[in-house]
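Asker: Sequence:
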Amino acid sequence: MTDQNGTISDFGLSKPFFLIQSSKNIFLPRKSHTLPVTRKFTIGRSRNSDLVLDNQHISSSHAQLSWNKNQWILSDNGSTNGTFLNGERIKKQAIVPDDVITFGTCPIRLKLTEKPPPSLKPLILLIAGFALGIGSFYFMTQTGQNPEVAPGSEKPQGTTYQITPQEQLQKPVSKTAPPAKPANISPAPVTASAPARHESFLSYQPLPILNFNEMLYNQVDKTTLYRYSINPDVYILDFPSLYIQGRSMNRIMALIEDVRAPKDRVLSEFEFEKFLKTHALSTESFNLGHDYTSHHLTQFFKLTQQHGIALRPEEKQLKALLVKHGLINNDLTAISEQDKKVIISITQQTIEFDKNNNEINVTLDTRKSVLRHELSHGEFFSNPSYREYAENFWNNEIPDYLRRRIGRFLTDLGYDISDKILTINEMQAFLFHTDHESIFSAQDIGITVKELHEIRKRFFEGLPNSLFMRDLQS
0 MTDQNGTISD FGLSKPFFLI QSSKNIFLPR KSHTLPVTRK FTIGRSRNSD LVLDNQHISS
60 SHAQLSWNKN QWILSDNGST NGTFLNGERI KKQAIVPDDV ITFGTCPIRL KLTEKPPPSL
120 KPLILLIAGF ALGIGSFYFM TQTGQNPEVA PGSEKPQGTT YQITPQEQLQ KPVSKTAPPA
180 KPANISPAPV TASAPARHES FLSYQPLPIL NFNEMLYNQV DKTTLYRYSI NPDVYILDFP
240 SLYIQGRSMN RIMALIEDVR APKDRVLSEF EFEKFLKTHA LSTESFNLGH DYTSHHLTQF
300 FKLTQQHGIA LRPEEKQLKA LLVKHGLINN DLTAISEQDK KVIISITQQT IEFDKNNNEI
360 NVTLDTRKSV LRHELSHGEF FSNPSYREYA ENFWNNEIPD YLRRRIGRFL TDLGYDISDK
420 ILTINEMQAF LFHTDHESIF SAQDIGITVK ELHEIRKRFF EGLPNSLFMR DLQS
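Here numbering that gives the first Met the number 0 is used: position 36 in the sequence shown is 35, and no number is missing along the way.
Hints listed in this document are in silico derivations from the structure and should not be mistaken for laboratory results. Worth double-checking, as some hints may not be accurate.
Stated by the list, open to error - Taking lysine-lysine pairs in the DSS-like style, the calculated list, with each CA pair at most 30 angstroms apart, reads:
(1) 90 with 273
(2) 354 with 273
(3) 339 with 354
(4) 419 with 301
(5) 221 with 367
(6) 354 with 419
Stated by the list, open to error - Pairwise CB distance ranges (calculated):
(7) 306 with 437: 12 to 22 angstroms
(8) 363 with 465: 18 to 28 angstroms
(9) 399 with 263: 26 to 36 angstroms
(10) 74 with 350: 25 to 35 angstroms
(11) 92 with 406: 43 to 53 angstroms
(12) 336 with 259: 53 to 63 angstroms
(13) 312 with 473: 16 to 26 angstroms
Fair warning: this is a prediction, and the values are worked out from it, not measured in the lab. Cβ coordinates follow ideal geometry from the N, Cα and C atoms, glycine included.
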């Protein structure tokens, strides 16, 4: 039964309360918090939510839990970054004990318990807090009667619960202090499956949310997926080697970008090996990095399914990872424009020899240049103002002769320059975000170093201020 306010007021077996837990990497002013259970429990960034998650990856009204027909129903409210149940993106679904729920990138384990906490009213017991990304720890603060708030902060009115960044409560670091190299990050590996119903919560890890420098210096020995801290629509695959990246991504590039390969079907394993040999390429040398949208990846896997093309083990693992994090749909139906994401890839520092005994060396400087190059593709795909600026610069600031030279350079690399958007996207990435001369230099397009410097200066002087550029400059 419920009282006049809709609060559940008895605790039979059909009306348990939630024990909500998070990982051990947390900061808490105390160990537990309580909040009345109502028939509708809202989660979001809005201060009107029952549980406020104050983070850019959380939508204003993100999700809700509701009591209906003796069960709890989890519903996503059309959030940008999704609500996930045991690693699978959901719209509306009943939940059971030990389910792992993620709002955007906030991991929560909800455990249904029959025994209520010691209180005059039925309550939700909130144990622990949430850890979002590296170096950004969050904790619960109660406001209203007897609130626990940060020292010196104004006490809000009413009763709510808010997740607050720990770093906002600390003194800022001196601007003269040298930046610390980020520590290695425990990744979410490609081979990980959705947590089992009774699996320990600590085995389920959120995706690391990293900035440019954190990604650059991070070391992993398994294929790892990150989210870009300043753009939640950009995901980064960090492969341990060129070989594994190539086995996972090369056939996708052939389909989506390479003019020398068919566009209506995926090359079979035999055909692709022949393709590489014809063009004096190898699995390792085909490409140093990749960039695709959710639509591109859906197209690839859908065509393999339609034409009976067998997936490599690495491609199967890639598909499972993309589905798990809502980057493509499991049934390969089209991702909505609202949910479309950008997936780029890079590799760790590595020295490899292909089957022709050619050495390919990815140094830290190479990794840095490839990461910036690929992140600029993410910006182009996901930021309309940046894309519009790049298109205008191509059409009005680059002379005809130079556009032709850039076109020849891209054609030699296999790009389909009849696709104008692809051409402009590659132009901005090579000209303005690739500074390693082994990858791109002024000589590649027949101009002097001074001319390249001047054109880069014009591009950046007119470029609207953005979080992306501030992150690169930091």
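Asker: Hints first: check each against the structure and report whether it holds.
Answerer: Now for the hints, and whether the structure bears them out:
As the CA atoms of residue 90 and residue 273 are separated by approximately 44 angstroms, the hinted pair breaks the 30 angstroms bound. Pair hint residue 354 plus residue 273 holds up; C-alpha atoms about 14 angstroms apart against a cutoff of 30 angstroms. With a C-alpha separation of about 37 angstroms, the suggested pairing of residue 339 with residue 354 is violated against the 30 angstroms cut-off. Proximity of residue 419 to residue 301 is assessed by CA-CA distance (about 25 angstroms); at most 30 angstroms being required, the pair is judged to hold.
About 19 angstroms separates the Cα atoms of residue 221 and residue 367, which keeps this hinted pair within 30 angstroms; it holds. In summary, the hint linking residue 354 to residue 419 is not supported, as the alpha carbons are separated by about 35 angstroms, beyond the 30 angstroms threshold. For residue 306 paired with residue 437, a C-beta distance near 37 angstroms fails the hint of 12 to 22 angstroms. Hint check: residue 363 to residue 465, Cβ distance near 25 angstroms, so the stated range 18 to 28 angstroms holds.
A beta carbon spacing of about 33 angstroms between residue 399 and residue 263 agrees with the range 26 to 36 angstroms that was offered as a hint. For the hinted restraint 25 to 35 angstroms between residue 74 and residue 350, the CB-CB distance of approximately 50 angstroms leaves it violated. Between residue 92 and residue 406 the beta carbon distance is about 50 angstroms. The supplied range of 43 to 53 angstroms therefore holds. Between residue 336 and residue 259 the Cβ separation comes to about 30 angstroms, which falls outside the hinted range of 53 to 63 angstroms.
Taking the beta carbon of each, residue 312 and residue 473 are about 38 angstroms apart, not inside 16 to 26 angstroms as hinted.
The structure is inconsistent with the numbered hints 1, 3, 6, 7, 10, 12 and 13, although it conforms to all the rest.
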